[in-house]
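Chemist: Sequence:
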Amino acid sequence: MAGGDVAPPGRRGLLARRVQARVVRRGPRMSLRRPTVRAKVVTTVVAVTAIGLLATGVLTHAIQTQQIMEGISKDFDQEIDELKNLAEYGADPETGEKFRGAGRLMSVAMEQNVPGNYEIFAAYLDGKHQQTNPPGIGRVVADNAVVQEVVDGLTPQSSTTVQREIDTEIGRVWFVVVPVTVPDRQEVGAYVMASALDEALEAENAVMRTYAIVCCVALVLLGLFAWLVVSRLLRPLRQLSSTATRVTETDLSQRVPVATEDDLGELAGAFNTMLDRLSTAIETQRQFLDDAGHELRTPLTVLRGHLEVLDPDDPADVRETRDLLLDETSRMGQIVEELVLLAKAERADFVSTASLDLGRFTDDVHDKARALGARRWVVDARADAEVVADVHRLTQAVLQLADNAVKFSGPDDEVGIGTQVLDGPAGRQVRLWVRDTGPGVPPEEADRIFDRFARGSTTGGASGSGLGLAIVRAIAQGHGGDVVVERSDGGGARFVMTWPADGAASSATQAGTRSAATEEEAR
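For the sequence shown, full-length UniProt numbering gives the first residue as 1, with consecutive numbering after it.
It is possible that some hints are incorrect.
Unchecked claim - 30 Å max Cα-Cα, derived DSBU-like pairs, lysine-lysine:
(1) K84 to K128
(2) K128 to K74
(3) K368 to K407
(4) K128 to K98
(5) K84 to K98
(6) K344 to K407
(7) K84 to K74
To be clear, the hints were calculated from the coordinates, so they are not data collected in a lab.
Whole structure, please, built from the sequences with the hints as guidance.
Modeler: Dropping the structure here:
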């Protein structure tokens, strides 16, 4: 590009300011607020109602108008029939004989027929106006050029009735011209019957005007009522939006109040359940990181300390340090596996239930537990029943309890395993226990020992990560039950797991229960 094509700095700045000004001016157009759901619903309701009312009004008006027109036509037919009967069978009241002229016939017919509210009668003889009834308003028809033209076109041979609509000073008028002739007379009579259509339809038009006003008022009231109702119905959505805005990674305690049992109430409940799952997942991750950091810090410190003082030239020191480090890494691996297991305990698929023969299961875990240590192993009770449970998780829990019993008892102590199925108010419940005759658990520690990394005062220096009982409780809760520790009849401790025999409460349900409890505590 040539140097002359480059704009000076000052001009470039001016151009940039102009472009920026255009962008600023265009900004509001691009940020127009879209209609809300409430506005769309109210507009739709009012529009559909308006269309329905309009269609009803138009149809009703058309039907009423048609009925009025049919009534006028029926009145005309009746007048024509009366005129024909008078001409054929009637007699002149003055002479008592047949009518000798068309003029006299029409005059008598007009005297005998009283016009209705919107009717007009007029008589013509040889094209000249003779009489009207009522006299005043009858001039509207008598002086009309269209009527006169029709009358002038009649001949003694005319026999066809002529119907037409004309515009007059009183509005539209529908008239009918009936030719009237008398035998042996060459005169031509025209009997005109007319009806003021606009006046006849005025009552119907007034009703429709009133209907239109009432519909407009009703639409306004309907719009206001719909606005209030929709606002009330959509309140859970606004609360949902507000709650979602306040929810952050560090604050998942917000919940949407569920005040209804309709679809929106279900939506709010589903949103709260989702927040419960998110809160549980994040809390599990946070707890896992805290526990891992807390428990792995000591082994890592031990590893580093021994490596720092290691004498590489001393084979004995190297072997001793190697054995110690392998033991520590093994313990670290066990801690990590147990922490991962506890983290999985919050998932819905932590427990996979199936039908289980409880009697055979009791025998199997008893045989497996005997390999944990030289104790007097007994089966306290054996329930022969089919229940729903996860055999692998239950085996893991029972062996963990049996391992604890071995750790906290001596060779002469007794360790018992038992199962029962009891009927209670909540249905059939499975009861599985492991007991020992060791030192037992103090009552004040009965609940604390199930916490992570908690250790009782009667451990006597026994090794362990402090996660075993926490895993047992997670497995029990995964089955929809729980685990407690009691004092055994022969001394020592008895750990009892209970859960529904039919597996009605799943791990997901139990997780939702724990989340609800956490939410209640937060409130």
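Chemist: Work down the list of hints and note, for each, if the structure agrees.
Modeler: Cross-check of the supplied hints:
1. K84 to K128: holds (22 Å)
2. K128 to K74: holds (28 Å)
3. K368 to K407: Satisfied, since the Cα-Cα distance of roughly 16 Å is no more than 30 Å.
4. K128 to K98: holds (23 Å)
5. K84 to K98: The hint holds at about 13 Å.
6. K344 to K407: Cα-Cα ~26 Å, so holds.
7. K84 to K74: holds (15 Å)
Consistency with the previously given hints is maintained throughout, with no hint failing.
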